[in-house]
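Start from chain Z and add chains F and U according to the hints.
Chains as they are written, first to last, in the UniProt record's numbering: chain Z, 1 to 406; chain F, 1 to 246; chain U, 1 to 316.
Derived by calculation from the structure, the hints in this document are not laboratory data. Do not take every clue at face value.
[Claimed, not checked] Each computed DSBU-like pair below joins lysine-lysine, with the alpha-carbon atoms no more than 30 angstroms apart: (1) Z:K394 - Z:K359; (2) Z:K394 - Z:K366; (3) F:K54 - F:K105; (4) Z:K394 - Z:K273; (5) U:K279 - U:K125; (6) U:K77 - Z:K400; (7) Z:K273 - U:K266; (8) Z:K374 - Z:K364; (9) U:K96 - F:K105; (10) F:K227 - F:K171; (11) U:K125 - Z:K270; (12) U:K266 - U:K279; (13) Z:K364 - Z:K400; (14) U:K44 - U:K77; (15) F:K50 - F:K105; (16) U:K279 - Z:K270; (17) F:K105 - F:K227; (18) Z:K273 - U:K44; (19) Z:K371 - Z:K270; (20) F:K163 - U:K96.
Since the model is a prediction, treat every value here as computed from it, not as a measurement.
Below are the chains, spelled out letter by letter.
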Amino acid sequence: MASATANAPPSLSLPPSQFARLQPHAYLLAHLSPPPASNQPSIRANGRAPSQFRVTSANAGSLTHTNGSAVVRIGDTAAVCGVRAEILHTDDIASWSVSESSTAASTAKHQHLADLSDHPTKENKDVDQDSDAADDEDRAHVQGLNLLVPNLSLSTGCAPGFTPGAPPSALAQSLSHQILSLLHSTRLVRADDLRIWYQPPNLGPEDIEPHNEDEQMDVDADQSGSAENRQPREIKAFWVLYIDVMIISLAGNPFDAAWASVLAALRDTKLPKAWWDVDNEMVLCSDDLTQAYGLSLRGLPVASSFCVFEADAAAGWRAVVIPDAGEQKKGSQSRWILADPDGYEEGLGQERACVVVDKDNDGKGKTVIVKMEKHGGWTVDSADLRQLVDISAKRWDDMKRILDQC
Amino acid sequence: MAASLPSLAIPGQRLGPASSYSAGPGTHVQQSSIYASIAGPVCLDPAQPKIQAKATLRVSRVATSKYQTRNPQAGAVAAAQPKPRYNTLPAVDSIVLARVTRVQKRQVAVSILVVLDDTPSVGADPSRTASDNDNVASILTSAANPENHSNTDELRFQALIRKEDVRAVEKDRVVMDDMFRVGDIVRGSVISLGDQSFYYITTARNDLGVVMARSEAGNMMFPVSWKEMRDPLTGVGEPRKVARPF
Amino acid sequence: MTDRRRINGPPGGTRPAVYASLLQSATGAADRAQRQRQPTDLRKIFLKTGLIPSASGSSYLEFEPSASLAAARANPKSLIPPSSALKLACTVHGPKPLPRSATFSPNLVLTTHVKYAPFAARRRKGHIRDASERDLGVHLETALRGAIIAERWPKSGLDITLTIIEAEDDRWWGDAPDSHDASWGMMNVLAGCITAASAALADAHIDCLDLVSGGVAALVSEDMTGSSGPPRLVLDTDPAEHRSIVSACVVAYMPARDEITELWLKGDSSKAALEDDDKRPGHEALIDGAVDAARGAHTVLGQAVRESIARTVGSA
Chain Z
1 MASATANAPP SLSLPPSQFA RLQPHAYLLA HLSPPPASNQ PSIRANGRAP
51 SQFRVTSANA GSLTHTNGSA VVRIGDTAAV CGVRAEILHT DDIASWSVSE
101 SSTAASTAKH QHLADLSDHP TKENKDVDQD SDAADDEDRA HVQGLNLLVP
151 NLSLSTGCAP GFTPGAPPSA LAQSLSHQIL SLLHSTRLVR ADDLRIWYQP
201 PNLGPEDIEP HNEDEQMDVD ADQSGSAENR QPREIKAFWV LYIDVMIISL
251 AGNPFDAAWA SVLAALRDTK LPKAWWDVDN EMVLCSDDLT QAYGLSLRGL
301 PVASSFCVFE ADAAAGWRAV VIPDAGEQKK GSQSRWILAD PDGYEEGLGQ
351 ERACVVVDKD NDGKGKTVIV KMEKHGGWTV DSADLRQLVD ISAKRWDDMK
401 RILDQC
Chain F
1 MAASLPSLAI PGQRLGPASS YSAGPGTHVQ QSSIYASIAG PVCLDPAQPK
51 IQAKATLRVS RVATSKYQTR NPQAGAVAAA QPKPRYNTLP AVDSIVLARV
101 TRVQKRQVAV SILVVLDDTP SVGADPSRTA SDNDNVASIL TSAANPENHS
151 NTDELRFQAL IRKEDVRAVE KDRVVMDDMF RVGDIVRGSV ISLGDQSFYY
201 ITTARNDLGV VMARSEAGNM MFPVSWKEMR DPLTGVGEPR KVARPF
Chain U
1 MTDRRRINGP PGGTRPAVYA SLLQSATGAA DRAQRQRQPT DLRKIFLKTG
51 LIPSASGSSY LEFEPSASLA AARANPKSLI PPSSALKLAC TVHGPKPLPR
101 SATFSPNLVL TTHVKYAPFA ARRRKGHIRD ASERDLGVHL ETALRGAIIA
151 ERWPKSGLDI TLTIIEAEDD RWWGDAPDSH DASWGMMNVL AGCITAASAA
201 LADAHIDCLD LVSGGVAALV SEDMTGSSGP PRLVLDTDPA EHRSIVSACV
251 VAYMPARDEI TELWLKGDSS KAALEDDDKR PGHEALIDGA VDAARGAHTV
301 LGQAVRESIA RTVGSA
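Isolated chain Z, as found in the complex (with noise of 0.2 angstroms):
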């Protein structure tokens, strides 16, 4: 309890809880730069190193009325995510025209493909290079008839700020939309998980009884290998994946837990063997567990945000505008970047980074970029990038290892 003298803070002791509430920006610079002489390393306020991540964990499948459902906790976030199928049929797409169906060049190829996603233990090599085609009509069925319906709510109490029952919050909408167009860009699901598939029954005998019920449907018709003598399979309808994420429990970084539990529900996510029913005239689906298959996802992408924050926010602003002015403090560091951010340094950092990452062969190849996206700010330069996706490496490894285990 000094008293005052030049300098010091205002000289009242406060206990550090009170000060981390007046006086939040001192209280993060005060753990980042500790005084040279008291020898502590440079901490943040919640005792992580600065490109320390909090302790994730996950669990998957434990809800029932749900395909695929995954539980994600990145420290004091939390991320519930069910993925639910429902059918869409053709004939309720507005655009949707026989031919599009029934490509006789693509049904080639998307037996190929369904043979291999029925076989997930097959490596996946060839299928990452799949012609551009098949690309193009993966893209147009997946995103261009919205199969994938990603939804992300905070309405859930999770922190103070969000009323309950009000539409969603501007950062819902976005983290919403952030978690489709990185579905899309990543492709990570295949179109063809999705598509039911009706062969006409052919004359010959062994079709009569078109689905008969130890053989899937598509095997038999690649293996009986005289697709040129059959009908050309149609497609009747297509499985719609709701992903709803609710966030139980918002403490900081919320679109990393969002993004994880996603894939984890989707890795957990099976769908049941479907067909369509001439007789019915609707698709039916077998509630055997032997005879569902799970999706075959392209890859793991993993996200990593960070967030800058600057012991002085307004130096950048001065040095344009007083060019003289700032260069004061030489020597001390001016600003950190923080991995995986708390609630509290977000508030008090407006630049903000986000690597997706994932890497070829089973964490063995190379490290890949999926998506970077940098804002709010211009402290973060090329070189610091660069570090950022060495770290948002290391996460992947720890991320696989977390979804493998659950």
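Then chains F and U, alone, in the frame of chain Z:
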């Protein structure tokens, strides 16, 4: 008699007969028995001669003082340690710390950040001050509202300092602009619960007034007199209604 | 009108999956789940407080899966779950200032809000609260308002939000999946909401007269011919386990004062088959049963609150 008291109580738990104790905070009386109304440690405040004949039973909103001293005063947060959170509303005579949000000719609006102890003299031992929002871990998760920063003030209790409540002397010569600036942290004492949206606060005491302020240049200032604070870097002084530093 | 603030699915709409086994026979391939518990046995409740640090109080509640669901989980065969078990999260925010537009209130102003996650029930729920969710919110509010000592918190508001992550079924899925004669599952959800909200209130240190807990009892008829047999009294019913529920009752109950703050009774309770020497009318037996169930929930509730207090104090 005290031996029969439980150390911890949950709401609805019977603590003792109203004939031998008086009911303190965190309890209620039902059919001449004292029941706990919140969960927490049970405390027995000894009877004060003349004022009270009976010992007061209360359920504490804070963890025991034993626990408080364990917490390191400064430095890194003991991250995993759960600390009790509890809610205290501003009441008459509460000392509060508030941030100035609007300065007008006749009054300033502030938003209450911290409610300190009820005792009028705070100075004694601030570390023991039973602060409402003592949970650093919880502050760290929630302090900032990610959505909209203007929103945070709506989640805090608002209060007014009227011109006549700024200081005790020369009340009619108060110029609000020379007393407070937006962003200052003010220590004040609640004088009234006010109307539906504002509490009323006074700073008309030597120990009340601005405790933290930034200069126009953006630096933290230190107090030099009861009506001036100075920027340590530029040396420029600015007028404020300064709280007496301890 | 499409909801422009959300991502909408295909404009033509989608249909839930139809399982072939359901079309073949009304009873389906699987057998109805059977209640393994005694009529007075309650399911275990998992309840934990303080999991959401940004709220002033919070709790998470989960019912133990019934025997059939547990078996189906341990040894999955079918994609159709036999029943489901309640899972919900509750947060309390406040006391906080009332909105500017609100008038002066000398008491705590309580706002309750119940929302199902879209994937919570067998049928996909919309994002906007429907009538049943609003109804649950009102029931919950009356249940809690009787327990909170509101005058200790003048001119402040308290928001209680419940998110149902997994709801109870209204009836067995095999019984005409489209019919919604009565939403029995909702009553279990309400009981869970009351217990969870009570724990969250205690976690937030809001003054209450008692820990109010929720309980459900029902008159069920196991007779295959329908409701012609005399219905029996069963506590803590899982609607998926019973052929026909004739009447059900949910109470919010404060054991310390023996007071009921909320009572919701549905159906015809006049034909209850009680013990011979039991002369109570059907509805009284039903209410007593629900109170017994609430007493059971209260022991779990008290334990959870005690544990959370011991965690904060005991670590000293």
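### Query
So which of those numbered hints doesn't the model satisfy?
3, 4, 5, 7, 15, 16 and 18
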